[in-house]
Amino acid sequence: KAGVTQTPRYLIKTRGQQVTLSCSPISGHRSVSWYQQTPGQGLQFLFEYFSETQRNKGNFPGRFSGRQFSNSRSEMNVSTLELGDSALYLCASSLSAGNNEQFFGPGTRLTVL
Amino acid sequence: DQQVKQNSPSLSVQEGRISILNCDYTNSMFDYFLWYKKYPAEGPTFLISISSIKDKNEDGRFTVFLNKSAKHLSLHIVPSQPGDSAVYFCAARDYTGTASKLTFGTGTRLQVTL
Numbered sequence: 001k002a003g004v005t006q007t008p009r010y011l012i013k014t015r016g017q018q019v020t021l022s023c024s025p026i027s028g029h030r031s032v033s034w035y036q037q038t039p040g041q042g043l044q045f046l047f048e049y050f051s052e053t054q055r056n057k058g059n060f061p062g063r064f065s066g067r068q069f070s071n072s073r074s075e076m077n078v079s080t081l082e083l084g085d086s087a088l089y090l091c092a093s094s095l096s097a098g099n100n101e102q103f104f105g106p107g108t109r110l111t112v113l
Numbered sequence: 001d002q003q004v005k006q007n008s009p010s011l012s013v014q015e016g017r018i019s020i021l022n023c024d025y026t027n028s029m030f031d032y033f034l035w036y037k038k039y040p041a042e043g044p045t046f047l048i049s050i051s052s053i054k055d056k057n058e059d060g061r062f063t064v065f066l067n068k069s070a071k072h073l074s075l076h077i078v079p080s081q082p083g084d085s086a087v088y089f090c091a092a093r094d095y096t097g098t099a100s101k102l103t104f105g106t107g108t109r110l111q112v113t114l
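Order-wise, the sequence lines are chains A and B.
In this text, residue positions in the first sequence follow my numbering: the first is 1, and each later residue adds one.
In this text, residue positions in the second sequence follow my numbering: the first is 1, and each later residue adds one.
Pulled out of the complex, with its shape left as it was, chain B reads as follows:
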């Protein structure tokens, strides 16, 4: 049962344009959402996050939007750059008060073309 879904395995965007990566979740107990970027042969790198009490968080070129009623979040990258080409994972936190667990989506491979 995939609680966090990234339905687009790949996305190709032209340099300078907007990249929009989507993520859906099913567990209403998730209280925090994160995006990670992963290059080949490296571990995932934290990119940006958002608490479930907010609907938008912005950091430079990266903005994450959360729609709790739709259980949907998206990552916007504007403008996209070739160095953004990587696999992006959406993750959701399930926090019990003493321990946490991140549930990851299967990833979206973003390719930014010249």
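The following block holds chain A by itself, in its conformation from the complex:
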């Protein structure tokens, strides 16, 4: 069974640009959560999607948005990039919303110059 895949793995952007990251969950998993990992901050929750609906949202500005498609694949978008958005963005999938065990992808490393 294939794991969670994220594309692209690495991305370099400049301030003010926007970026879209993609996540394909494990087959059969319907919930996708996104996290931002920065040094010293650990993993911070961005949002959770289930059945194409955002179920929960973390404390991030509106520049961070996401969506989920009918096949459970998810994208997150960051507009008007800032230097502080440089981070590893991790996607995790689980069978359903509120499921205890989340399986993580390898992440997308975003660098904002």
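Treat the hints loosely; a few may be bogus.
To be verified - Residues on chain B that point at chain A, a partial pick, calculated with CB under 7 Å:
1. Y32
2. E42
3. G43
4. F46
5. A70
6. K101
7. F104
8. G105
9. T106
10. G107
Unchecked claim - Capping the alpha-carbon separation at 30 Å, the derived lysine-lysine pairs in DSSO-like fashion look like this:
11. K68/B with K57/A
12. K13/A with K68/B
13. K54/B with K57/A
Stated by the list, open to error - Computed footprint of chain B on chain A; a stretch qualifies when at least three of its residues, placed anywhere within it, have a C-beta under 8 Å from a C-beta of chain B:
14. 31-43
15. 48-62
Hint data in this document are derived by calculation from the structure and do not stem from the laboratory.
Don't be surprised by glycine CBs; every beta carbon is placed ideally from N, CA and C.
Given the coordinates of chain A, assemble chain B onto it according to the supplied hints.
Then chain B, alone, in the frame of chain A:
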């Protein structure tokens, strides 16, 4: 406001000895706790979990202890092996009934030496 804290950023343990990783939390609404292990360039991997109604869960070399009154949990690895060298994250679940959110600590880097 860091609701889940791992106060030791790093830990070095000799192979064969016990590794004890600690985690403290402040939110009494957390109902489930998990430990993840992360190697460089990979996403975190689920290791072991414990429900708030239990005080111990064991899986092979890994045991998690939960002290609800102290809002403290710990992960014991016995015996420690070089392959256990990784960053360990403690996470706590906040479940509203329709959605969940995991709050992670900042991680502890474990190095198991020969």
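Status of each hint after checking the structure:
At its closest, the beta carbon of Y32/B sits 5 Å from a beta carbon of chain A; the interface hint therefore holds under the 7 Å criterion. The criterion of a C-beta within 7 Å of any C-beta in chain A is met by E42/B, whose closest approach is roughly 6 Å, and the hint holds. For G43/B, the interface hint holds, since its Cβ comes within 7 Å of a Cβ in chain A; the closest pair sits about 3 Å apart. About 5 Å separates the beta-carbon of F46/B from the nearest beta-carbon of chain A, less than 7 Å, and the hint is met.
Among the interface hints, the one on A70/B is violated; its C-beta lies about 21 Å from the nearest C-beta in chain A, farther than the 7 Å criterion. Because the smallest distance between the Cβ of K101/B and any Cβ of chain A comes to about 5 Å, under 7 Å, the interface hint for this residue holds. With its C-beta approaching chain A no nearer than about 4 Å, F104/B sits inside the 7 Å limit, and its interface hint holds. A distance limit of 7 Å between C-beta atoms decides the matter here; for G105/B the minimum to chain A is near 6 Å, and the interface restraint holds.
At about 4 Å, the closest approach between the beta carbon of T106/B and any beta carbon in chain A falls short of 7 Å, and the interface hint on this residue holds. Given the 7 Å rule on beta carbons, the hint for G107/B holds: about 6 Å separates it from the nearest Cβ of chain A. Between the alpha carbons of K68/B and K57/A the distance comes to roughly 26 Å, so the proposed pair stays at or under 30 Å and holds. For the given pair, K13/A sits about 44 Å from K68/B by alpha-carbon distance, which is inconsistent with the 30 Å threshold.
Our distance criterion of 30 Å between C-alpha atoms is met by K54/B and K57/A, whose separation comes to about 28 Å. Only residues whose C-beta sits within less than 8 Å of a C-beta in chain B count toward coverage, and the segment 31-43 of chain A has 6 of them, enough to reach three; the restraint holds. Figure legend: the segment 48-62 of chain A, annotated as covered by chain B; annotation consistent (5 residues with Cβ-Cβ distances under 8 Å, at least 3 required).
The earlier numbered hints that this structure contradicts are 5 and 12.
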